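Undergrad: Just so you know, the protein sequences line up as chains A and B, in that order.
Throughout, our numbering is defined as the position within the first sequence, counted from one, plus 5.
With our numbering, letter number 1 in the second sequence gets -1, and the count goes up by one each step, no holes.
The hints are simulated quantities; they were obtained by calculation from the structure and are not laboratory data.
Predicted, not measured: the structure shown is a model, and the values here were computed from it.
Where hints are given, some of them may not hold.
[To be verified] Counterexamples of contact, computed for chain A against chain B with all Cβ distances above 12 Å:
(1) R48
(2) L81
(3) R89
(4) K141
(5) H145
(6) P167
(7) G196
(8) K279
[Said to hold, decoys possible] Keeping only pairs whose Cα atoms sit at most 30 Å apart, straight-line, the calculated BS3-like set for lysine-lysine is:
(9) A:K346 - B:K34
(10) A:K346 - B:K285
(11) B:K471 - A:K51
(12) B:K221 - A:K342
(13) B:K221 - B:K4
(14) B:K4 - A:K341
(15) B:K221 - A:K341
(16) B:K118 - A:K342
(17) B:K28 - B:K3
(18) A:K342 - B:K471
(19) B:K21 - A:K341
(20) A:K51 - B:K4
(21) B:K221 - A:K51
(22) B:K471 - A:K341
No residue lacks a Cβ here, since even glycine has one placed at the ideal position from N, Cα and C.
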Amino acid sequence: MLIGQLHYETTPKYSFLQSLRNVEISKRIVELSLNSMHTIKGRIFKVSNEELANFFIEHMDSEDQLPTKDGMLSALIMPLRAIRDGTPIIGIDVSSIKIGVTDAGVIYAVRGTIVLKINNHYRYIRYGPLPFHITKENIHEIFGELSRDLSLRFNFFSYIDPQIQLCNIIEKWLRAYVSHLVKRSIILWDGSLTAGTPGNPTADLSRMLRIARENSNVVMGISKDTSLKFIRWGMTDLLNGYKPPYLFEIRSASFSHTSSLRLLGRIYVAKLAKGGCAFRLDIDKAIPRDEGIVAVEKLIGNETLYQGYPETLRLAHIYSTFTASDVIGIQRLLIKKYGLKLIAHNNMHRTLFGPYGARLED
Amino acid sequence: MRLFKKTGNTMHILCFPDEEVEKGEYLIIKDERARKSMIVQVIDIEFANVPGVMEEILRSSGIEEFVEGEDNDPLDVASHILYIQDARLLICKVHGTIVNGELIPESSWLPSRTHSTIRKIPTESLVKLANIGGSLPIMIGKTRDSFPLAIDARQLDGRLSIITGKKGTGKSHLSKILALGLVDYGATVVILDLNGEYTNLGYSLDGSKNKYYDKIHVLSPGKTFKVTLYQTNLYVIMRTLVYALGLPGTSAREFRRIWKFLEKTGRLTLHDLGEAIQNWKCNQHVKDALYSRYSALVNSGFFTDNMAEATDFEKLLRKTERNGGGIIVIDLSDTSPSDRQIVVEYVLAKIQETLSQWKIRAVFLFAEEAHLYLKETYWDDIVTRMRHFGLFTTFITNQPNTIHENIYRQADNIFLLNFVNEHDLQIISRAARADAETVTSIVRDLPPHHCLLLGKVVKDFPMIVKIRSLDVKTMGQTRFFFTEKREGSNF
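With the hints as constraints, model all of the structure from the sequences given.
TA: As structure tokens, then:
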């Protein structure tokens, strides 16, 4: 597969990973993380069973829950044929977790992964885990600086969990830089291309998509599950009779939009492999429909699909997700490096490794 | 290391990758506030049940082979995660408490989880604390921390010991160390040598005579070990006939009469005994029974009428003790199974007789694969009755199921070499001197030539020792057809 190299004529084939490694912003994020951690030295540190327990049960993205108008759905089934042309596929995912609570604030950790498939090889670059100590005093500063550095119009919303916002902003950083650095690639985001929700301004998303387009990239958002309903039927269930791979387009007129929501993607239900699952697939709306469909055909031609789900995105998810031992390792680092004083939890069964293990075991 | 939990006399201790601990080692849990320290022994090492590890392994399995990449981990969290994932759980057994520098057998208290410090206790310190070794040390070998471990010969005195392990692990080698160690302190040792392994104890590896040469007496039944009926009193011959040759009660009573008659008339010879049985007026069945036993005695070649070729075993025992100890090796290697029983019965009866008459003080008996020559009824006798006369037995076997359970229960010392067979492990775990868990867990992983010492010789602190080499010509090795040097065949 030499085609992948054609897109990177002047630089080594993995040059964008090299570029990403060297970008100033990554140093800036690390710096912010470290600065926030300097405020925890010698503090009391408490881990919470319940909050962490809940983390391991994956949540559905709320932004995927788009209401539809019954009877107004116009749909088009499009069969797909795989195009094997060596187009690089890039998947991005970010994960965050609450590590514990200090007497001044909360410690979160974030980890993001970019996986690139090119020339039949997978490579990844993983950032983190980066711990952030978020307090009332530094919360605006941290979010402000991150937004400023990323040139995002990001505002901190006190009514949204800082963990979600922190995760979002790091994810945006990764998405923005990938859009900027790669060319002629398919970029896969975990989630939809819906903007206009708090913490996800339309302008930011539009700008990222525009940069990606300028570099001849196609951005696709893939949601692992969707709650889109068609006449009270689950959309992914509705298409069981069709032979994959295919796309099933959901016209935007079908949605009962709230005033703030902006759908920057063309929305499809995609079943990309036989025996696989159907997913919601958003393709950048500014790209002509036909080009978008060809991009999906390139995706299925150049990517390994696991249960119909792109491997790059699956790997990005695996590499960024926190496991219980990750959490314990981070806690150990905090105690060792920053001298946090761990409060013994009242549940003695869970004293050994904090709450995490006991929850999984008991 | 951190204390995790205690259940009964089992302690669970968390141990991290930079802390090297092996099975069998002892740890001291020091609780400064309680002013006490607990001594525990590591009997098993497991991975700590770190949550999420299985998920992590399952997730990453298969990925690493086809995905290359790098981690931008500025805080080096990965090292902490790996540290946690490699944490181990030490399963330990409590062996006592140190209070004011004294070791007491207490395990009812609970050291603090938060304030206790845990560290390895060197064998040297433990040996001092528990007073292992004593004033009559027999050097056994080196412990894992290279401490030369000696046991006190006094702990074999008046005791019942067992040496067991699978084939080729060094049982005979260890019994030689013990036997020669006892001789060093003037003890009389009798070895029932099934395979002729002890016959060269008087020679060094290079074939020259060693310091024990004059103290080793090898007796080969039918060759260098023959006895006359004169030397054999009625008690001894009756035991031989009844236990070794299975003479029924009625016949035994007739034999007693014949024997007394011959004794009275001064004709206690093999020839006269045969004639007397044939001419004796009694039931024909009894006569037949007596004559068949007589024939067995004659055919064994062990009995003779020639005083010049006879060995006075009692005299040899007394001489050995008088000369400052020694080893009498009864070489049974060329003796048939039935004759073996006659010889062993004779030897044991003679020892018992000599001991009961206080002609000698004590005999240390080393019995290899005793099930091959001891009658069922005899085991309890050896363990219970004969030890009161001064016969202190060490059984040596590679088939632990051949030693009765009550022997294990009553054993004072057990020297365990490697076993992997679950059935064998189950049997040896019945030993009363240690808990079953300790035995099965440690013995399963013992390397070759390493021994787990249990019982009074180590003051009930089970210890693993690499058995030392011995400058004695070896006879116990298997003879091979292929003659190239075999790895691990020499100590």
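Undergrad: Is it true that the CA of K346 (chain A) sits at most 30 Å from the CA of K34 (chain B)?
TA: It holds: about 27 Å lies between the C-alpha atoms, which stays within 30 Å.
Undergrad: Is it true that the CA of K221 (chain B) sits at most 30 Å from the CA of K4 (chain B)?
TA: At roughly 62 Å apart (the allowed maximum being 30 Å), K4 (chain B) and K221 (chain B) break the hint.
Undergrad: Does the claim that H145 (chain A) lies outside the interface with chain B hold up, using a Cβ gap greater than 12 Å?
TA: Given that every Cβ of chain B is farther than 12 Å from that of H145 (chain A), nearest at about 24 Å, it holds.
Undergrad: So if I understand the rule, the pair passes when the alpha-carbon distance is 30 Å or less; does K346 (chain A) with K285 (chain B) pass?
TA: Since the Cα atoms of K346 (chain A) and K285 (chain B) sit roughly 93 Å apart, the hinted pair is violated (cutoff 30 Å).
Undergrad: Tell me if the straight-line CA distance from K221 (chain B) to K342 (chain A) falls inside 30 Å.
TA: Distance of about 80 Å is beyond 30 Å: violated.
Undergrad: Does K279 (chain A) clear chain B by more than 12 Å, comparing its Cβ with all Cβ atoms of that chain?
TA: holds (22 Å)
Undergrad: Quickly compare the C-alpha distance for K221 (chain B) and K341 (chain A) to 30 Å and report which way the hint goes.
TA: Roughly 77 Å between the alpha carbons, so the hint for K221 (chain B) and K341 (chain A) is violated.
Undergrad: Compare the distance between the alpha carbons of K51 (chain A) and K4 (chain B) with 30 Å, and conclude whether the hinted pair is satisfied.
TA: It holds: about 25 Å lies between the C-alpha atoms, which stays within 30 Å.
Undergrad: K141 (chain A) clear of chain B by more than 12 Å, beta carbon to beta carbon?
TA: The claim holds: K141 (chain A) sits with its nearest Cβ about 24 Å from chain B, beyond 12 Å.
Undergrad: Per the stated criterion, does the least C-beta distance between G196 (chain A) and chain B lie above 12 Å, as a non-interface residue requires?
TA: Non-interface label on G196 (chain A) holds, nearest chain B Cβ at 21 Å vs cutoff 12 Å.
Undergrad: Against chain B, does R89 (chain A) hold up as non-interface, every C-beta pair farther apart than 12 Å?
TA: Holds, because the least Cβ-Cβ distance between R89 (chain A) and chain B comes to about 18 Å, which exceeds 12 Å.
Undergrad: Does K341 (chain A) lie within 30 Å of K4 (chain B) when you go C-alpha to C-alpha?
TA: holds (27 Å)
Consistency with the previously given hints fails for numbers 10, 11, 12, 13, 15, 18, 21, 22, ordered from lowest to highest.
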